[in-house]
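Given the sequences, and given the hints that come with them, work out the whole structure.
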Amino acid sequence: MAARRIDAKTFDAVIERACDRGRVEALREVDARLSEATRAETRGARDGDASERTAAMDRAMRAEAEAVAIIECLRQRGEISAFGRCHNVPKRDYTLAELKLNNIEAEKLLAPTESTIKGIRDNFTRLLVAAYVGGVVALHPTFAQGAGVAAFATFCSVYDQVAFAGGVSALALDTVAQSTSKEYVTRL
1 MAARRIDAKT FDAVIERACD RGRVEALREV DARLSEATRA ETRGARDGDA SERTAAMDRA
61 MRAEAEAVAI IECLRQRGEI SAFGRCHNVP KRDYTLAELK LNNIEAEKLL APTESTIKGI
121 RDNFTRLLVA AYVGGVVALH PTFAQGAGVA AFATFCSVYD QVAFAGGVSA LALDTVAQST
181 SKEYVTRL
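Mapping of the sequence shown onto the UniProt record's numbering: position 184 corresponds to residue 184, and the numbering continues sequentially without gaps.
Keep in mind that a hint or two might mislead.
To be verified - Once the Cα atoms are required to be at most 35 Å apart in a straight line, the calculated DSBU-like pairs of lysine-lysine come out as:
hint : residue 1 : residue 2
1    : K9        : K91
2    : K182      : K118
3    : K118      : K100
Treat the hints as calculated values from the structure; they're not laboratory data.
Note that the structure is a prediction, hence the values are computed from the model and not measured.
Right, dumping it as structure tokens:
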């Protein structure tokens, strides 16, 4: 069976030299270019000057384009056969068994966990407990008064979860997170 010929494309001399060193060295070069692109994008996002951001983004785009060109050159030479063919994979829902069979961790396909809100919720819970204990120490309530306050707080929490699906607490946490965490605001 004859190998399918990919349309011939000429590449820059730097790209050709990277591919001439062999597949392993060329792939290391691809990794280096992608690392360079990532670093340039990160630097560009942090730099305050618009011209520096533009220059960093240009460097990142150039490095990424060179990495893709190296892969395309390797594909043209027949060293990498599957690059650029993902559109041939049918789009459908895959079962958990199929993902496990192919050693794909389904959890990693999901959105990352939100740790900022979790930290704020934990701190808010600690603050409420400290305020309750402080109120008990400072005000010396009777057992019935202390139990009544605890029961009322529990009722409010359960009512929010049942009637509003946790919307009131989510709104409160989101408001506190936006006012206290710059990381949370930039991620949104």
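Structure-based check of each hint:
no.: 1; hint: K9 to K91; result: holds (30 Å)
no.: 2; hint: K182 to K118; result: holds (15 Å)
no.: 3; hint: K118 to K100; result: holds (29 Å)
Violation of the numbered hints given earlier is absent; every hint is satisfied by the structure.
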